[in-house]
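Student: From first to last, the protein sequence lines stand for chains A and B. Read in order, the letters of the first sequence correspond to residues 18 to 263 in my numbering. Read in order, the letters of the second sequence correspond to residues 101 to 500 in my numbering.
If you are wondering where the hints come from, they were derived from the structure by calculation, not from laboratory data. Just so it is clear, the structure is predicted and the values come from calculations on it, not from any experiment. A few of these clues could be false.
Unchecked claim - Which residues of chain A face chain B? A few of them, derived with a C-beta cut under 7 Å, are:
{"hint": "1", "residue": "Y49"}
{"hint": "2", "residue": "A108"}
{"hint": "3", "residue": "R112"}
{"hint": "4", "residue": "A116"}
{"hint": "5", "residue": "L117"}
{"hint": "6", "residue": "F130"}
{"hint": "7", "residue": "G134"}
Stated by the list, open to error - Chain A stretches covered by chain B per the calculated footprint, using a threshold of three residues with CB under 8 Å from any CB of chain B:
{"hint": "8", "region": "139-150"}
{"hint": "9", "region": "165-179"}
Just so you know, even glycine gets a beta-carbon here, dropped at the ideal spot from N, CA and C.
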Amino acid sequence: MNADTLTMTSSPGADAGDASAVVELENVTRVYPGRPPVRALRGVSLRIRRGELIGIVGPSGSGKSTLLNILGTLDRADTGTVRIDGHDVGAMNDRRLSALRAHRIGFVFQQFFLTPGVSALDNVADGLLYTGTPLAGRRRRARATLERVGLGDRTHHRPHELSGGQRQRVAVARALAGAPSLLLADEPTGALDSASGAGVLALLHGLHAGGTTVVVITHDHEVAGSLPRRVDIRDGSIESDRAGRP
Amino acid sequence: MSGPEPAPSRLRPRDVVRVGVTGLRARPARAVLSALGIAVGIAAMVAVVGISASSRAQVDEQLDALGTNLLTVAAGQTIGGEDAALPAGSVDMVARLGPVTAVSAVGEVDASVYRNDEIDATQTNGLAVLAAGTDLLDTVSGVVDNGRWLDDALGAYPAVVLGANAAERMGIDEVDGSVAVWLGGEWFTVAGILDPVPLAPELDSSVLIGWPVAEALLGFDGAPTTIYERSAESQVDAVRAVLPATVNPENPEEVTVSRPSDALAARAATDETLTTLLLALGGVALLVGGIGVANTMVIAVLERRSEIGLRRALGATRAHVRRQFLGESVLLAALGGVGGAVLGGAVTAAFAASRGWPPALPSWVLAGAAGATIVVGALAGAYPAARAARMPPTAALSAV
Ligand SMILES: Nc1ncnc2c1ncn2[C@@H]1O[C@H](COP(=O)(O)OP(=O)(O)OP(=O)(O)O)[C@@H](O)[C@H]1O
Ligand SMILES: [Mg+2]
């Protein structure tokens, strides 16, 4: 955690808190209304620095996906503050949040969510669709990103012509194409066999080595154990937050 | 390095189209089927307007060729209700009017015509026997289909020229002098058969003989019953005003003057109620097509919840999602609209060709079809698109 040296660098923006933090959560709660209401997050505080690779681990129903949705600004906290890349999410409207997602946040999902019948290249290029980049530029970036995830020779394959592991790598490439400040992955290996899962995990490690901030949700302790930092969550609260593999 | 506020997310207009096309191509059969309703509606409307425009173009073409400056003067009826006659000199008086360029007349002869002399005289066939001036044919723009017209030479002999209907009814198509008809107790040789005369349809069911022979053989008194007159186009109304007093100074109110080209134009106009009805039917088909598109879009939005969630995760605003589905709906309708316009155009062309009409499709029809399609697509897509936009991204993503 060599980023510590930068921790106290001050930042002028009114929004901005700690300049080296990509994510700052303070006492975040999220309650799903219903009978009875589900308190999915009960006061979570978390700081993730630029360039970190962090695993969020917990049993099913512990609130991992809820937390990730809030990190990704897809959902709002009921109380507490959420700062992503220095911006106070609670004060932002739909347009500004969407802009943040388009430019600063990349998502990887367990089910890939690739568009069927569309080539890997165009699936990745769609990662830039809402940045307003013209098609040629999107494809150029997509090709480079596919090469980065080791699929430079699969650009014209459509999802059904790819293995599960390859599909997830395409999804990772789509999330990366916009060079996000924060890559969020919800059980990225959940739908893969162990070999493919290991490949995707290795890719995330490689991205981390290259400086990308990555948050991985998993309930696989083995996966979590291989990550530099691991946050355990249970019943909507953080149970422990420690360095994983030394 | 906590960044400045990122630039707003943006979806380029051409990407709206691209995304829409991709969405439709994912389920091509469904797209085609739901566009079909729109296509039927647009095709019906385009064809209805196209066919009626072609029919009008045909009439216009005909009027162009025939001229609209012909006036017909008929003797009419006396106040007592009897058939009136025009004075014998009335043709000359019309000819003396300044703007008049051509004038001719027919006079009804009190005689009947039969195919031969064995037919019972009480079996009338409704064919009128008319004495015709030599310049009648030119004045009414008539054409001899077969044989020759009653010129000065022929007009003095018992020769007859048959109107198109008259020839058909009597079953005569030979004009080589071998056929004669029994007319007023004399044999008249058939010299010619006319084409239908659009500006003087009464001639079609008449048989025409020369003025001199009518007077010599059949006791014709030489009084015209109908005068045909042409004048300079700009003077038609002025001539029309003075004609009754000119032909019958004593009883001008008995005279009826008509303009046959008006009747032709009116015949084209009477189609308008039918056209309106058919257009309304096309509109109903379009409405039903629009409902089909709306239904397809509602289903699409439900099926594609995870796609919507993904797009929100990729940075789409609610407005972008709404625009995507609205665009897709308009594209779907446009697919039907283009198909329908092509189909309607083809029907128009085929129908016009079968009638020998000049095919006509006013450009406002195509503009109207395009407009209607866009409006229908936008209306059909409005609700599903709003629903898609309202969908919270997390709910959309967890739907699978
Ligand atoms: N939309 C919702 N409405 C109501 N309750 C919800 C909703 N989403 C999640 N929950 C509840 O919130 C709690 C946390 O859910 P969450 O999806 O965050 O768990 P998770 O840790 O991701 O579980 P898993 O490992 O099974 O994915 C669960 O009890 C769940 O039932
Ligand atoms: Mg989950």
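Student: All the hints need checking, so say for each whether the structure fits it.
Tutor: Each hint tested on the structure:
At its closest, the beta carbon of Y49 of chain A sits 10 Å from a beta carbon of chain B; the interface hint therefore is violated under the 7 Å criterion. About 12 Å separates the beta-carbon of A108 of chain A from the nearest beta-carbon of chain B, more than 7 Å, and the hint is not met. Interface hint status for R112 of chain A: upheld, as the beta-carbon distance to the closest one in chain B is roughly 5 Å, under 7 Å. For A116 of chain A, the suggested interface contact is upheld, since its CB lies about 5 Å from the closest CB of chain B, less than 7 Å.
Interface hint at L117 of chain A: satisfied, since its Cβ lies 6 Å from the closest Cβ of chain B, which is below the 7 Å cut-off. For F130 of chain A, the shortest C-beta to C-beta distance to chain B is roughly 4 Å, which falls under 7 Å, so the interface hint holds. The beta carbon of G134 of chain A is positioned within 7 Å of a beta carbon in chain B (closest approach about 6 Å), and the interface hint is therefore held. Residue count for the region 139-150 of chain A with a Cβ under 8 Å from a Cβ of chain B: 6. That meets the three needed, and the coverage hint holds.
For the region 165-179 of chain A, the proposed coverage by chain B is not satisfied: 0 residues have a C-beta within less than 8 Å of a C-beta in that chain, short of the threshold of three.
Violation of the numbered hints given earlier is confined to hints 1, 2 and 9; the remaining hints are satisfied by the structure.
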